[in-house]
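For the record, the sequence lines run as chains A and B. Residue numbering for the first sequence follows our numbering, beginning at -12 and increasing consecutively. Residue numbering for the second sequence follows our numbering, beginning at 889 and increasing consecutively.
Hints in this document: simulated from the structure, not taken from any laboratory. Mixed in with the good hints there might be a few duds.
Chain B regions said to be covered by chain A (calculated; three or more residues, Cβ under 8 Å) [to be verified]:
id: 1; stretch: 1045 to 1051
id: 2; stretch: 1103 to 1112
Once the Cα atoms are required to be at most 25 Å apart in a straight line, the calculated SDA-like pairs of lysine to any residue come out as [unchecked claim]:
id: 3; chain 1: A; residue 1: Lys37; chain 2: B; residue 2: Asn1066
id: 4; chain 1: B; residue 1: Lys1186; chain 2: B; residue 2: Leu1209
id: 5; chain 1: A; residue 1: Lys140; chain 2: B; residue 2: Gln1130
id: 6; chain 1: A; residue 1: Lys140; chain 2: A; residue 2: Pro79
id: 7; chain 1: B; residue 1: Lys1044; chain 2: B; residue 2: Leu1012
id: 8; chain 1: B; residue 1: Lys1216; chain 2: A; residue 2: Leu133
id: 9; chain 1: A; residue 1: Lys136; chain 2: B; residue 2: Leu1165
id: 10; chain 1: A; residue 1: Lys140; chain 2: A; residue 2: Thr88
id: 11; chain 1: A; residue 1: Lys37; chain 2: B; residue 2: Lys1216
id: 12; chain 1: B; residue 1: Lys1216; chain 2: B; residue 2: Gly1191
id: 13; chain 1: B; residue 1: Lys1186; chain 2: B; residue 2: Thr1173
id: 14; chain 1: B; residue 1: Lys1216; chain 2: B; residue 2: Glu1150
id: 15; chain 1: B; residue 1: Lys1186; chain 2: B; residue 2: Asn980
id: 16; chain 1: A; residue 1: Lys140; chain 2: B; residue 2: Glu1150
id: 17; chain 1: B; residue 1: Lys1044; chain 2: B; residue 2: Ala1022
id: 18; chain 1: A; residue 1: Lys136; chain 2: B; residue 2: Asp1064
id: 19; chain 1: A; residue 1: Lys37; chain 2: B; residue 2: Thr1161
id: 20; chain 1: A; residue 1: Lys37; chain 2: B; residue 2: Leu1171
id: 21; chain 1: B; residue 1: Lys1141; chain 2: B; residue 2: Gly1088
id: 22; chain 1: B; residue 1: Lys943; chain 2: B; residue 2: Pro1033
id: 23; chain 1: B; residue 1: Lys1216; chain 2: A; residue 2: Gly134
id: 24; chain 1: A; residue 1: Lys37; chain 2: B; residue 2: Thr1156
id: 25; chain 1: A; residue 1: Lys37; chain 2: B; residue 2: Pro1169
id: 26; chain 1: B; residue 1: Lys1141; chain 2: B; residue 2: Asn1160
id: 27; chain 1: A; residue 1: Lys37; chain 2: B; residue 2: Asn1160
id: 28; chain 1: B; residue 1: Lys1044; chain 2: B; residue 2: Pro1028
id: 29; chain 1: B; residue 1: Lys1141; chain 2: B; residue 2: Thr1156
id: 30; chain 1: A; residue 1: Lys37; chain 2: B; residue 2: Leu1209
id: 31; chain 1: A; residue 1: Lys37; chain 2: B; residue 2: His1128
id: 32; chain 1: A; residue 1: Lys37; chain 2: B; residue 2: Gly1070
id: 33; chain 1: A; residue 1: Lys136; chain 2: A; residue 2: Gly80
id: 34; chain 1: A; residue 1: Lys37; chain 2: A; residue 2: Phe117
id: 35; chain 1: A; residue 1: Lys140; chain 2: B; residue 2: Leu1165
id: 36; chain 1: A; residue 1: Lys136; chain 2: B; residue 2: Ala1164
id: 37; chain 1: A; residue 1: Lys37; chain 2: B; residue 2: Ala1170
id: 38; chain 1: A; residue 1: Lys136; chain 2: B; residue 2: Gly1070
id: 39; chain 1: A; residue 1: Lys136; chain 2: B; residue 2: Ser1068
id: 40; chain 1: A; residue 1: Lys24; chain 2: A; residue 2: Gly100
No residue lacks a Cβ here, since even glycine has one placed at the ideal position from N, Cα and C.
Below are the chains, spelled out letter by letter.
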Amino acid sequence: MKTLARRDFLKMAGAGTAAVIAGAAVPISGFFAWTGKNALRFRAVAGMPKAPWPAYASYVIEGDVDLSRRSGNLVKSIYAGAPDAMSGIAFPGTVRSVRVTSVKQSGDSVVIGGEVTDRAGLLAGESPAFSIQIDRSSGLAHADFLGSKVLLKLD
Amino acid sequence: MRTASATERGLNKTMADHLDSPGPIALNVGDDTANVGSPNGDPRTDITDVYAFLKPGDSTKSILMLNVNPLAPLLASAFNSQAIYELNIDTNGDAVADRSFRIRFSDVQGGSQTATVHLAVGDLASLLNDGGAAVIAGAPVSFGPEPIITVRGPYKFFAGLRSDPFFFDLLGFIDDFNFSHGDFFNDKNVFGIVLEVPNGSLGTTAGTTSVWARTLLEQNGSWIRDDRMARAAINTVFNHGQDKNIFNSIDPKQDLTASTTEGITFVTSFANTLQALGGDPALATVLLPDVMNYDFSKPTDYGALNGRRLQDDVIDISLSLVTGGGLKTDNVGPHSDYLSEFPYLGTPH
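Go ahead and model the full structure; you've got the sequences and the hints to work with.
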């Protein structure tokens, strides 16, 4: 018996597929960290739908980016449960692997662009293009979910 | 007076309607076994929906249905033998069970599992136990496409894997009510428990009868409340965070007086949410206690707050109700795979 991290499950379950990823129903926070001179790791989290509706699910974007090489890998997923009590269950069909293709840094802001690697799994009307704007000073990030703008927290 | 938190009650879980964080799961991946999360949560006892409707073509009988295990068999492939699955009947409008059908399952042995149904009446029905007279025993659970139906006297019983009858644009709900993504549940399965009962087994006071379901889990030699549900999406829409767990850990009769983590009553919390969403705050005392009125002397119609049929569009009705008509539909309708006869749930996908 051992406890496996969400990331390990993503790898085992095969990110980008209709995956079920186990984990505890626990609070999940965002974070932002430098893992090298030009490398960062982050997790951005948003409860969905927006207030005043109680959050039923959590939108999570996480991964590693090499700013100098403008490369990296991200995963975006929708998990059952609000951020303060998120389960490890990703809604089938919502897990996407993203390959980073561009990085623009300006002051405290980093804009990361990429593309979904498994286009066959995209929903009707879902774009393979990906973008997230991270604002380190505010601890917030802006991304979209199926075309709608979403504000995510990094901490 | 402050209500004990879910954590204080030892309930570090969140369970409720369809995929609303159904708790932790034990997974086997290769040679690795991972058992993550608290011991209380279990998709096998995570209630997805509750139905109560007159038997089509025979209004002297009723169909009671309790579905669990969202996304089955992905998260779990059998019923929990250490749980009690309850279909509770209140006959006099006090939100206390006067009759209770208690379903228990054997361990899975050689790929088979059987069910026993007890009917508790009177005070016994309101207690946390599996007592009562056996009305069904040794009923096989269905794991394949053909439903195995058990008939004992006036009772008919089914338990097993079936097509999930629920319909909802879940992604549209998450996507800021952009209801254009279609029915998320169209290809999903659940584990269904279906009972056909004579209306007489529900009591003689149809006008004050209501139904709700509950799952209990055994912990340290006693039974703890795990999940409960009556009308659709009540816990999902109205309760935030740990309040979902508190709501699951109390009985319906406590709904009017129990407090949330904010120190206000659930009634006040529901009224506040209704007001914020554009609905009528006075509806809070209609929605609570969270039981499903079921007058079996009248036609079943969820829109008329009388039971629930598989085809009732509970999401459209609920959206319109809680938003004061601001939202009217999620643009999806009933599935086409419902059976016209018992157990009514479609063939699993």
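Do the hints match the structure? See the list:
{"no.": "1", "hint": "1045 to 1051", "in the structure": "violated (count 0)"}
{"no.": "2", "hint": "1103 to 1112", "in the structure": "violated (count 0)"}
{"no.": "3", "hint": "Lys37(A) with Asn1066(B)", "in the structure": "holds (12 Å)"}
{"no.": "4", "hint": "Lys1186(B) with Leu1209(B)", "in the structure": "holds (22 Å)"}
{"no.": "5", "hint": "Lys140(A) with Gln1130(B)", "in the structure": "holds (20 Å)"}
{"no.": "6", "hint": "Lys140(A) with Pro79(A)", "in the structure": "holds (23 Å)"}
{"no.": "7", "hint": "Lys1044(B) with Leu1012(B)", "in the structure": "holds (23 Å)"}
{"no.": "8", "hint": "Lys1216(B) with Leu133(A)", "in the structure": "holds (22 Å)"}
{"no.": "9", "hint": "Lys136(A) with Leu1165(B)", "in the structure": "holds (21 Å)"}
{"no.": "10", "hint": "Lys140(A) with Thr88(A)", "in the structure": "holds (23 Å)"}
{"no.": "11", "hint": "Lys37(A) with Lys1216(B)", "in the structure": "holds (18 Å)"}
{"no.": "12", "hint": "Lys1216(B) with Gly1191(B)", "in the structure": "holds (13 Å)"}
{"no.": "13", "hint": "Lys1186(B) with Thr1173(B)", "in the structure": "holds (23 Å)"}
{"no.": "14", "hint": "Lys1216(B) with Glu1150(B)", "in the structure": "violated (30 Å)"}
{"no.": "15", "hint": "Lys1186(B) with Asn980(B)", "in the structure": "holds (17 Å)"}
{"no.": "16", "hint": "Lys140(A) with Glu1150(B)", "in the structure": "holds (23 Å)"}
{"no.": "17", "hint": "Lys1044(B) with Ala1022(B)", "in the structure": "holds (13 Å)"}
{"no.": "18", "hint": "Lys136(A) with Asp1064(B)", "in the structure": "holds (9 Å)"}
{"no.": "19", "hint": "Lys37(A) with Thr1161(B)", "in the structure": "holds (13 Å)"}
{"no.": "20", "hint": "Lys37(A) with Leu1171(B)", "in the structure": "holds (22 Å)"}
{"no.": "21", "hint": "Lys1141(B) with Gly1088(B)", "in the structure": "holds (24 Å)"}
{"no.": "22", "hint": "Lys943(B) with Pro1033(B)", "in the structure": "holds (22 Å)"}
{"no.": "23", "hint": "Lys1216(B) with Gly134(A)", "in the structure": "holds (22 Å)"}
{"no.": "24", "hint": "Lys37(A) with Thr1156(B)", "in the structure": "holds (21 Å)"}
{"no.": "25", "hint": "Lys37(A) with Pro1169(B)", "in the structure": "holds (20 Å)"}
{"no.": "26", "hint": "Lys1141(B) with Asn1160(B)", "in the structure": "holds (21 Å)"}
{"no.": "27", "hint": "Lys37(A) with Asn1160(B)", "in the structure": "holds (16 Å)"}
{"no.": "28", "hint": "Lys1044(B) with Pro1028(B)", "in the structure": "holds (12 Å)"}
{"no.": "29", "hint": "Lys1141(B) with Thr1156(B)", "in the structure": "holds (16 Å)"}
{"no.": "30", "hint": "Lys37(A) with Leu1209(B)", "in the structure": "holds (19 Å)"}
{"no.": "31", "hint": "Lys37(A) with His1128(B)", "in the structure": "holds (12 Å)"}
{"no.": "32", "hint": "Lys37(A) with Gly1070(B)", "in the structure": "holds (20 Å)"}
{"no.": "33", "hint": "Lys136(A) with Gly80(A)", "in the structure": "holds (20 Å)"}
{"no.": "34", "hint": "Lys37(A) with Phe117(A)", "in the structure": "holds (21 Å)"}
{"no.": "35", "hint": "Lys140(A) with Leu1165(B)", "in the structure": "holds (24 Å)"}
{"no.": "36", "hint": "Lys136(A) with Ala1164(B)", "in the structure": "holds (22 Å)"}
{"no.": "37", "hint": "Lys37(A) with Ala1170(B)", "in the structure": "holds (24 Å)"}
{"no.": "38", "hint": "Lys136(A) with Gly1070(B)", "in the structure": "holds (20 Å)"}
{"no.": "39", "hint": "Lys136(A) with Ser1068(B)", "in the structure": "holds (16 Å)"}
{"no.": "40", "hint": "Lys24(A) with Gly100(A)", "in the structure": "holds (20 Å)"}
This entry does not satisfy hints 1, 2, 14, going by the numbered hints stated previously.
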